[in-house]
Every structure is written in structure tokens, then in C-alpha cells.
Amino acid sequence: MGYREVYEGWKADPEAFWMEQARAIDWDRAPTRAYFDQGPAGEWFADAMVNTCWNAVDRHVEAGRGDQAAIIHDSPITGTQQSVSFAELQDQTARLAGALSARGVGLGDRVIIYMPMIPEALVAMLACSRIGAIHSVVFGGFAAHELAVRIDDAQPKAILAASCGLEPGRVVEYKPLIDKAIEQAAHKPDFTVIFQRPEHAATLVEGRDVDWIAFQDDATPADCVPVAGNHPAYILYTSGTTGQPKGVVRATAGHLVALNWSMKNIYGIDAGDVFWAASDVGWVVGHSYICYAPLIAGATTIVFEGKPVGTPDAGTFWRVIQDHGVKSFFTAPTAIRAVKREDPNGALIGDYDLSSLQALFLAGERADPDTIQWAEDHLKVPVIDHWWQTETGWAIAANPLGIELLTVRKGSPTHPMPGYDVQILDEAGHPLPASTLGAIAVKLPLPPGTLPTLWNAEGRFRKSYLDHFPGYYETGDAGYVDEDGYLYIMARTDDVINVAGHRLSTGAMEEVLAGHPAVAECAVIGVADSLKGQMPLGFLCLKKGVETPDAQVVKEVVARVRDQIGPVAAFKTAVVVDRLPKTRSGKILRATMAKIADGEEFKLPATIDDPATLDEIAVALKGVGYPGKA
1 MGYREVYEGW KADPEAFWME QARAIDWDRA PTRAYFDQGP AGEWFADAMV NTCWNAVDRH
61 VEAGRGDQAA IIHDSPITGT QQSVSFAELQ DQTARLAGAL SARGVGLGDR VIIYMPMIPE
121 ALVAMLACSR IGAIHSVVFG GFAAHELAVR IDDAQPKAIL AASCGLEPGR VVEYKPLIDK
181 AIEQAAHKPD FTVIFQRPEH AATLVEGRDV DWIAFQDDAT PADCVPVAGN HPAYILYTSG
241 TTGQPKGVVR ATAGHLVALN WSMKNIYGID AGDVFWAASD VGWVVGHSYI CYAPLIAGAT
301 TIVFEGKPVG TPDAGTFWRV IQDHGVKSFF TAPTAIRAVK REDPNGALIG DYDLSSLQAL
361 FLAGERADPD TIQWAEDHLK VPVIDHWWQT ETGWAIAANP LGIELLTVRK GSPTHPMPGY
421 DVQILDEAGH PLPASTLGAI AVKLPLPPGT LPTLWNAEGR FRKSYLDHFP GYYETGDAGY
481 VDEDGYLYIM ARTDDVINVA GHRLSTGAME EVLAGHPAVA ECAVIGVADS LKGQMPLGFL
541 CLKKGVETPD AQVVKEVVAR VRDQIGPVAA FKTAVVVDRL PKTRSGKILR ATMAKIADGE
601 EFKLPATIDD PATLDEIAVA LKGVGYPGKA
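For what it's worth, UniProt numbering labels the leading residue of the sequence shown as 1, then goes sequentially.
It cannot be assumed that every hint is accurate.
[Claimed, not checked] Below, a list of computed lysine-lysine pairs in the DSS-like style, where the Cα atoms sit at most 30 Å apart:
no., residue 1, residue 2
1, K603, K264
2, K410, K587
3, K180, K587
4, K463, K603
5, K532, K622
6, K410, K463
Calculated from the structure, these hints are not laboratory results.
Required output: the full structure, derived from the provided sequences and hints.
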């Protein structure tokens, strides 16, 4: 069957479609039906009993594939590589789970995990799921205050952490941050377990902290504990507009079914294949596609501790693909742009054998056509943009490589996946005609694997996602669907600007800027204007080795926007900057940049990678007459 037949098959009978996909999972008690109309947005496979760790680890050992690599750890920062087989992973998760059980951690208890990109991070996640504990991974190195906020919201019984994380040229000590967070938090965890990395040994607090190895010394390995289908597998905090993070809940059974379906059908990955998502376990990509989905599918997953550039150079991605025989590679567009900026002609790609690679997948932010074209030209494989969110846990729209590779239209993540009825709505909630920019919403119910609610915040869940468009999930993104059903994500709803009554997408303008041969990366924001309401302002990062004067590049991109979008865009100003402020996951902080341009007060985003970038933006803005208040 092709994509259209699969999608229409789902639409005709969603219940039968998802019950069929559920047959690929090992159930302790099989579900009697797929969808349950309960809770604020419905639940999936709620009456089943199942265990995630069993499906991700133990069943592959039972099937005789215990010797296959489950995890490959590749750290160009330490210069080390390590392989963990499914049998070894089973042993490690069972022992850690047994040690946690012995200390009173059980069904429904929360455990915060605060770790870098090492195999032990996945062991910690799987050990929690083995005994029905609910994990909440917090990005390693997150500020103490932000960790404290999450401790108070999740109220964990324990924290599993490493002594440090590693960045190029520096060690990030985790323990002082944990100590400060526990001191600030009203809730106090019973104990913390610290994995001591060779690069830095943390000082343990007597009576509260225990060494990772000593903690498991006398542990009796724990068996997998079946949990109800609607039992939360984890809580993952995503930044909220109020400054209070939102705890996205992921229910166990739907998570298993959806992720397993996605590996084969979207990413073209079968048992025994090698899959690599170059993200971090602290983000949703790390949960879905570093830890869970590849292992559930019986594939080998890569845990990479490095950067796209600088560890040691812009060829590190291609080296990893060659060394480990990666079949499908998933990263953020910003990572490819960083590589393109350092190696604009793709010279380093030729140093490596990429014959194992079948496709490059991009997600996390909009993939501009210029970046896709560069990757296609140099990698000679399909480059597939797909779109999803922390809340959904897997792709809303994609080009389903495992079903059929549809025609790529650059700038579009292609078509909705089964389970997602995507609509473009006006402010009043009415569907808009083809190719009209509007709010992107998904008709309820959402498919398995998506969030059923927020942790201890059902009212906030309804207000954030359900109330604005009754009967729909509000994505917070703006875009349109063309006459052929291709979806285009143009901006966050907040990034659609109103210039003299015209609703314009900053993403469309960024597309034009990115097409200039000197531009490596760019961003467009809307700034307040007394006459037109808002005016667009562009930021340009130039490729290495560009000799054209900055003023000339600015003049040329202004002309490009006028030519390709028209005078209606009123695009007249752009500034050249060395780098853009981003979150640690690579998203550009456009809303914060707009506040700086307008001279407004703002809260430093918790997820910012380098606060100094905001000062650089402020200086650049002052140079073109904006307040530039950082």
C-alpha cells in the first residue's frame, strides 16, 4: 500500500488501524479496544497491561538477539567509543531497577534524571520504566533554579545524575547545580545517585548521595512490572509562556504503539539497522528517537556526545555515519546550517564513506529550502523535513520513507501521518481555503503517543491546547496546505507579523534571505512600528570566507525580498551578526530578540545556550537605531 491508501485506511476506521498496529507490541494483557473517550483529550489502549522496558530490551534478548548492539556511545570529546549489547542493557537496567526498588521507588513514583549523553542516561530511563516509576529527564547542566522548579512540580523520590557533562574545552560540574536546586526546592528527594565520570569526581553529601556503582552492589535484578496502558511513562517539561514549565505527560501504551509504527514507516528502520538521532536525552527527540523508538524496534541507537562543528571539525557527523554504518540520520536544520557555514562546499563529506546512509531527516524547527538543497547536493540521499512537537512525541507530518518516498517539496514536511487530521483555521476556528495562511490545528482525538494532559495541570492543558479551537488541538504554529495537500509550516503563531494590515510569515522572508549565496543562517522578527504596526527586521550570519562587504549583502537581501515577496513585506532593514541566540536544542529565540528590539523587559529563557548572544544582538540593534536593551 502507498501513503494515500494507508492514510485513508486510518481515516476510514481509526479503531481498526490502531488495533492492528498494537499487534506488534508484547502485551501482558492485550487492549480490548484502542480509543477510550476519557480524560480531557481521550486515551489509548487504557485497559491494557504492558511494560516499556520489556518491549525495548528484554523481548529482543528472548528472541535471540542479545548479542546485537543496542547502544553505541560515540564521544569525540573524550575520544572514546563503547558498545552495549541488548543482553548487557537488560542486565544493567534490571540491576539499577532492583536497586531503586530496594530504596522504595515503585509504581507511579517520580525520578528526575539529570545526565549528559552517556549510555547510563538511557539505562536510567529504562530502569524507571522497568518498575513503573515515572521519569522526568532534565537537560544536563540546566540552571539550578530551573531544576528546582521541576523538582517542586514533579516531586521526585530520587534524582539520578552524573558528576559532570563535557563541552568542547570545558567540564560542566553537575553536582553543585543539583545541590543548589535541592536547597532551593520546597520538595526534597529522598536520595540522589551519582555516576562518577572519570573527567570529574563529585563530592557526595553523606546520608543523601550515593555512588552509582555502590548503589547497585548488592541489588537483586528487578523483573519488568506491567503497568496500565494509560500509566505515565514520563513527564517532559517544555518551556511555558508564563515562565512556569509545562509537564507534558506521555502515556505508556500509546507511546509504544506509535513509536514502533514510526520507525518502520517514517524512518525506514527495521530490527538490526543502525539509527542515529543527533539530539540530547533532555529533549523530546532524545526520548522518542535516541532512547525508546529505536530500541522498541530492535534497532541499534547511537548516543553521541559532541557537536556538529568543533569536535573536532565539520566532518564529525559524516565520520560517525561511516564508523557505525548509520542507515537513517536525524538532526536539526540548525546543525546542518552550522556544518554548511564551516564547510560551505561540503569538502569534508568526501573524506567519508556514507554508503550506508539512506536518508537525512530534519526536524526541530523549519527546514529552509536552501539548507535542504545543500544537503541533497552533497549527501546524494533524500533529505526529509518532518514536523512534530514535544507535545506530540512523534511526527504530525512527514514523508513516510518506509511506505513510499513522496515527491519532496522544499519548505514542506509533506503530508499528515495517520492519526493526524490537520486543518488550517482562521481566528474564529473556521477552515481556510487552500494556500491561505492560518493557524494549524489537529482535529481531536490526537493519535496514540501524544500527550493526554499536563502533569497536575489539566486546566492549563485545556487552556493551552484545547479551548481556543473547540474540537481541535491548537499547535501554536501557523502555515497553510497547498492544493495538493502539502503542508507548510511558516512560523510559530506569534511569529506571523502584521504589516499595515497584511499578515506575513517571517518564515517566508527567512527563506528568501537564506537563498542568498553569502548567508549561512538568518532570522526575521517583527518589530513595533508607529505607522505600520509592525515591520520586519532581518539578522544575517554569513558563511566563512565571504568577501562581499556586509552593507552590500544587506542591500542585496533587501532587494531579494522585494523581488520575491513584494513591496507589501516592507522589508528594508537587516543586520549582520556573528551568531544568533538559540536554545540548547537549536531553536532561534525570535520572541526574545523582538523584545530586545522593542526595548521591552524580558525573562532570560531557561533553555538559552549562550546568554552572551543576546548582548551581541543588542549591540547590532543599536547600530541600526533600535533600543537594543539586553
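Against the structure, the hints come out as follows:
Among the hinted pairs, K603 with K264 is inconsistent with the structure: their alpha-carbon atoms are about 41 Å apart, more than 30 Å. Proximity of K410 to K587 is assessed by CA-CA distance (about 20 Å); at most 30 Å being required, the pair is judged to hold. Of the pairs offered as hints, the one joining K180 and K587 holds, with about 28 Å between alpha carbons and a cut-off of 30 Å not exceeded. Taking the CA atoms of K463 and K603, the gap is about 22 Å. The hint holds against a cut of 30 Å.
Restraint check: the Cα-Cα separation between K532 and K622 comes to about 21 Å, which is no more than 30 Å; the hinted pair holds. A hinted pair counts as satisfied when its Cα atoms are at most 30 Å apart, and K410 with K463 does not qualify at roughly 34 Å.
Hints 1 and 6, counting from the list given before, are not met by this structure.
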